[in-house]
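Undergrad: Here the structure of chain A is known, so what remains is to put chain B in place on it, guided by the hints.
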Amino acid sequence: MKSQILKSISADQLGVGYSKFPVVDNVSVSLEPGALLVLIGTNGSGKSTILKTMAGLLQPIKGHLEILGQPTGMLPKRVAYLPQHPISTHTLPLRVHDVVAMGRFAHLGLFRRTSQLDQNIVIDAMKRTGIETQANEPIRDLSGGQQQRTHLAQVLTRRAEILLLDEPTAGLDINGRKLVAELIASERARGVTVVMATHELQDAENANTVMLLAQRVVSIGPPEVALRDEYLRECFGFTQPH
Amino acid sequence: MFIEPFVNNEFLRLALAGGVLVALTCAVAGTFVVLRGLAFVGDALAHGVLPGIATALIFGVSGIIGAAFGSLIMMAGVSLVSRRFRLSGDTAIGLLFVGMLALGVMITSRSRTFVGDLSRILFGELLGVTSRDLISQVCALIIVIAIAIIARRPFLLLSVDEGLASSSGFSVRLFHNLMLTMIAVTVVASFQTVGTLLVLGMLIAPAATGALFARRISTMMTVAAVVGSFSTYVGLLVSYHFDLAAGASIVLTAVFIFAVAATYTEIIKTIKIKQSNEHEHQHSHSGAHIR
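Chains as they are written, first to last, in the working numbering: chain A, 1 to 242; chain B, 1001 to 1291.
This is chain A alone, in the form it adopts within the complex (with noise of 0.2 Å):
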């Protein structure tokens, strides 16, 4: 007898867009738990686009897409998403801890009480992105890269079972960007499937597929496939120096 994996995501045809415009058509992909796809792109390829597709914010214009057998935007506590630049809490009255602690919202809803559990995720996201001695401190005080921890422990609060991350390393140093590579390598030893847009081409190096982006999918595959001189070409204009 064959044994069955449930695919985490699977995608067959997939066209995504704005109001019945399609951005990007024809994405085919399927993710196994653990498995890390990156989305690579230079601005308005499609990249958002295809996340937000599969958060569940914008409904598929045509195709096929599942996440965890399930249509999109059905399982607010097992898919996590990070928005690019969420930029309204750059003058909201907010501490750190209570940006971090709204990731357990979408498990508390609207009337259970946080228990010392959801504390203790809470503290132990922000200990692991290493913003816990500013919990107490206003988000607007904070710079760029420390409000980008602070919203990437938000999503590790979600302990969610795919995580789609919007540029997560937008805004951060180097210690900032290796910070997130751990982060993406512990929660895919635990089985989570990450899907991650971003503008960089070395944070496809630990990607089991790759999926380049020009408005159209320019190659898809393993890094050393898809981000080949021809294809990096095509969609950058450039290739990267060897």
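Take these hints with a grain of salt, some might be off.
[Said to hold, decoys possible] One side only, chain B facing chain A, incomplete, derived with CB under 7 Å:
#1 ILE1149
#2 ARG1153
#3 ASP1161
#4 GLY1163
#5 SER1166
#6 SER1167
#7 SER1168
#8 GLY1169
#9 ALA1211
#10 ALA1214
#11 ARG1215
#12 MET1220
Don't read these hints as lab results, they were simulated from the structure. Here a beta-carbon is modelled for each residue, glycine too, at the ideal position from N, C-alpha and C.
TA: Using the frame of chain A, we list chain B on its own:
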């Protein structure tokens, strides 16, 4: 001079009670208006009730019922134009807002007491607050607090990012409309006191003052409630002693408190930056000595 007017004058006592109730309601709703950046929508809602109130006054019905109808129509309009039309949100809402305002003025112009009615709707009639009005205002306060407590989590997520709210399992449309409902209830309950034109000042100025100092939403709401209530007291005193319009005096006091608070926080920030720079300068000097 500070307490005596309220002891000897029942109109002033009722006005103070009504003003404080409005201040408390506005503190709760205004906090989310400021957090979510809905000031313009709040303004549009405040003016959108004008045709409803004007129609109600002409037919001799309670202004509150007219305002409720007006706000329902405006909320549906704001919700529709924000979703359907290919215009920026503020253009669509701006058009709706002036349209409703013009309609309200047109309807009011049919009244024999046109100027008096229009002035009452736009600027309120605080000294005309009755015990029945107070009961309506208490009901509005309870409704607004109940909405804020039940929807506090989705409201917070919406203030940070709509995508975050949606991916956390909360319907953006449902909770956005619930927030508009909360603002509409506040406007309907407040127009008698400060008028549709000035209610925005009570929604925004105290909450914005709270945002300057607070690190938590609950603190921001508390500061807003204190500033709003204090502005009501000071505004009424100013109005009483100098024979000025009560609603305008209250709103101007709230805006003045915000201006003072903003100046204070800017000065403190500048001093802190200066001290931090001097500290770094001293460190770099001591480093040079070690070398």
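Undergrad: Is the hint on ASP1161 of chain B kept, meaning its closest Cβ partner in chain A is under 7 Å away?
TA: holds (4 Å)
Undergrad: Would you settle whether the hint for ARG1153 of chain B is holds or violated, based on the nearest Cβ-Cβ distance to chain A being less than 7 Å?
TA: Where the cut-off is 7 Å and the nearest Cβ of chain A is about 5 Å from ARG1153 of chain B, the hint holds.
Undergrad: Under 7 Å, Cβ to Cβ, is where ILE1149 of chain B needs to be relative to chain A, so tell me if that hint holds or is violated.
TA: Status violated, d = 10 Å.
Undergrad: Can we keep the ARG1215 of chain B interface hint, with Cβ of chain A closer than 7 Å?
TA: holds (5 Å)
Undergrad: Per the CB criterion, is GLY1163 of chain B less than 7 Å away from chain A?
TA: holds (4 Å)
Undergrad: Please verify that hint: ALA1214 of chain B, Cβ, nearest Cβ of chain A, below 7 Å or not.
TA: holds (4 Å)
Undergrad: Would you settle whether the hint for MET1220 of chain B is holds or violated, based on the nearest Cβ-Cβ distance to chain A being less than 7 Å?
TA: holds (5 Å)
Undergrad: Using 7 Å as the Cβ threshold, decide whether SER1167 of chain B counts as touching chain A.
TA: Cβ of SER1167 of chain B sits 4 Å from chain A, so the hint holds.
Undergrad: Hint SER1166 of chain B vs chain A: min CB-CB distance below 7 Å?
TA: holds (5 Å)
Undergrad: Hint check: is the beta carbon of SER1168 of chain B less than 7 Å from a beta carbon of chain A?
TA: holds (4 Å)
Undergrad: So, as I understand it, the hint says ALA1211 of chain B touches chain A; can you test that by seeing if any CB pair is closer than 7 Å?
TA: holds (5 Å)
Undergrad: Can you verify the interface hint for GLY1169 of chain B: is its Cβ closer than 7 Å to any Cβ in chain A?
TA: holds (3 Å)
Going through the hint list in order, the structure does not satisfy hint 1, though it satisfies all others.
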